[in-house]
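Student: Take a look at the letters that make up each chain.
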Amino acid sequence: MTAPIAPGAAQEARDYLADVDRELADLPAEERAALLEDLEAHLAALAEEGDDCPIVIRLGSPAAYAEELRAAAGLPVQGSVRPSPRRDEVRRLLARVEAHPVTGEVRRLWAELRPAWWVLRGYLLIALPCALADQWDFPVPAPLGSRVLGLLLVPAAIAGSVALGRRQLTPSATRLLTVGGSVLALLSFVVAVGGTSSPSYDVGYATPVVYDQAVGEYPLVSRYGPVTDVLPYAADGTPLEDVLLYDQDGRPLQVGLQEWWADGCSRVLRQPLAADGVPVPHAFPQTYVLDPAGGGFADPALCDAAAGRPEVSLPIFPATAAPATATPTAAAPAAPAAPTGAAGD
Amino acid sequence: MDASQLLKGVLDVAVLAVVRQSDGYGYDVVRRLRTAGLEGVGDASVYGTLRRLYQAGALTSYVVPSDEGPHRKYYAINDRGRSVLEDSGKTWRTFVDAVDGLLDGAPA
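Note that the protein sequences, when read in sequence, are chains X and H.
With this note's numbering applied, the first sequence corresponds to residues 1 to 345, in that order.
With this note's numbering applied, the second sequence corresponds to residues 1 to 108, in that order.
Chain H on its own, in the form it takes in the complex (with noise of 0.2 Å):
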């Protein structure tokens, strides 16, 4: 099965994590999920759920000027993206337990 496509469904659970270990800004937080085994993951698709999180209010956001380039924009979690994380964590391991346990119950 192409990994792509579970991946659209948890980035959200997957972005908020990787945040929630420390501030990462757009291409520090796709290299984040590309070394944790997420190596599928598209730069397009973490800079749009950053934004679309950063809109729900999930995250907040800030700038960190830079002498070697273009200044960094910067992502932290706040209150509401942890319990969103909450959420959709207790939903995503509800989720993986019942594939789990289809996938190693014998077929009936």
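Isolated chain X, as found in the complex (with noise of 0.2 Å):
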């Protein structure tokens, strides 16, 4: 006699009580108590019939019967919000929804699935941070810089994450869990798309590799291309020299070489000494003399010997020394001083 019951009309039960429940949920606990035990005694019977027809069909809406339910015992009527039958409608959407084949079926292939997605997990759980910090040599994880240590680390994780997988958890640890995992994959999904457009951050700024000292054919770049020298002055406007110039992070800024002139004469870089006779390739301006060994298209005889400063226009300063106002035409004798100097050298 006591056919055995489908999982499904027993989850169809519970919903409907719960709804039900909720429908009366104004009522004394006692009162709603009573209701609900002649309610489930009442599925269960219509369960043990056997026969495929939806509870819904048979009672109603859980909110009709509970309706009915309160009439023909003389309660109240719910005076508290009234659900829409909109909401009903969804329930009665979603539980359809649930019984099509199809999701069945998508069920069963993601049961089947769950393993791989454990073994993904643990694999996400070492490599995510590894390729937020840029430890990663693809697709080994190398945290803290070290392979070996990624190639022990992923296995364990991911023995981990399946030993986790098997067990019963409680429902909250659950929940937990299916969150954690849904930010894992988000994440991972935003770095791998990120990861593959990444390149395009290099462009505009000096290079991306960093040395202690910036070196390179071009380490100095700004929107007009590379730069080749850097003209301080100093705020009253009197052109410097053997300026020392640092970055952020104090390492020495080195510009590029220029090696085509407008006037297509060849020069050379003569770089400032330090007093060992080493080059200071930080100091500025660097120092670019006509190259002694000639080359380049025009007649050296008709190039200058001196490339002077370009014409600058500065800045006034709020006065605090006087010759602030004689500073732009000052720039452009001053100059050539220094290079006429080193090219006799």
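Rather than coming from a laboratory, the hints here were simulated on the basis of the structure.
Each residue gets a CB set at the ideal place from its N, CA and C atoms; glycine is no exception.
Please note: incorrect hints may appear among the correct ones.
Said to hold, decoys possible - Chain X residues, not near chain H, derived (Cβ > 12 Å throughout):
| # | residue |
| --- | --- |
| 1 | GLU37 |
| 2 | ALA44 |
| 3 | LEU152 |
| 4 | ALA173 |
Claimed, not checked - Beta-carbon label-pair distances, calculated as ranges:
| # | chain 1 | residue 1 | chain 2 | residue 2 | range |
| --- | --- | --- | --- | --- | --- |
| 5 | X | GLU40 | H | GLU39 | 22 to 28 Å |
| 6 | X | PRO54 | H | GLU39 | 15 to 21 Å |
| 7 | H | PRO65 | X | GLU30 | 44 to 50 Å |
| 8 | X | ARG14 | H | ALA98 | 24 to 30 Å |
| 9 | X | ARG58 | H | THR94 | 32 to 38 Å |
| 10 | H | ASP67 | X | HIS100 | 32 to 38 Å |
| 11 | H | PRO65 | X | LEU93 | 52 to 58 Å |
| 12 | X | ALA25 | H | VAL13 | 28 to 34 Å |
| 13 | H | VAL96 | X | CYS53 | 32 to 38 Å |
| 14 | X | GLU98 | H | VAL10 | 53 to 59 Å |
| 15 | H | VAL13 | X | GLU40 | 25 to 31 Å |
| 16 | X | LEU93 | H | ALA98 | 47 to 53 Å |
| 17 | H | THR35 | X | PRO76 | 28 to 34 Å |
Join these two chains into a complex; the hints should help.
Tutor: Now the structure itself:
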């Protein structure tokens, strides 16, 4: 006589019971418990009959059932919020989706794929932080720069993840795990997608590679192209020589070499020398002199011995010193002095 | 006319009458009412009515353990229930006779 009750039907009954319970929420607990106990027994009796008629067809919607129950039992009509019929509609739609064979198929497939997710989850747990910290040698994460450590940690994480997946957890732990897994998957996806476009970050900056000293063909690049010299001025407009420049981390700044000159003359770089005779590449301005060996397209005789500082317009600071106004013109004649002197060596 | 409107008024009488024949649990009462011809009776209405009659002291209840499923709560009629049924029955008959007379009599 006791026909085995399909799990879907049991779930349907539980949902129905919970829905009616919600509809009766405003009643005294004792009254409510008694009514629900009756309903539970009734649903069990209906289930034993083993026909496939859905509960909502047999008994009406939970809201309608509760209303009829109240009316017959002489209980007050629900005073609190009346649930909208739309909510019922949505619930019924969800129930229909739930009951659809495709839903069952998807659920089965998901159940079969769960071990694969456990493995992926363990891998991502190690790989994601490494990818974020750029400690990454695809596909092996290298925590703290060590691939060996990565090769040890990944299997450990996978083993832990699988063990966790096999265990029966409390509902709250399961929820936590689901949320954590979703965040992990989402972040990994973002990193994976973002990673393919990361090279574009380098455009417009000097070099992405960090050296103790900025070196390379063009270590400094402005929007106009490689920077080949820096011409410092004091606030009062005095052109400065032998100014040492460092970047934000204290690394000496170095510029690229200028190879092409507008006048077609060939010049070579004479960097300022330190006391021990070693060139100081981050002392500015750098000094270019005419190539003693000639070269270039123009007749060396026609070349300016010194490439002077270009005209610049300087801002006028609040007057602390008198010569501020004279600066723009003073800049040009002062500049050639150094190169000419250097040209002599 | 919608029978469910009529049912509401006479459900007390019907339920008491069913339980007077023999004790019954909720679903059992529903089935017996339907078998008797009151097909439109709603499950919730029967459960609600049983509950109300029980609280009014017209029915007593007892639980029968079941091996096959949940325990069943049986309802039995008591003296108070019988007297309620008797009164309600008289009212019902008077009412039915009056309506019958109206229906049978030629439109005056």
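Student: Against the structure, test the hints numbered earlier, and report the numbers of the ones violated in rising order.
Tutor: Those not satisfied are hints 1, 2, 7, 8, 11 and 14.
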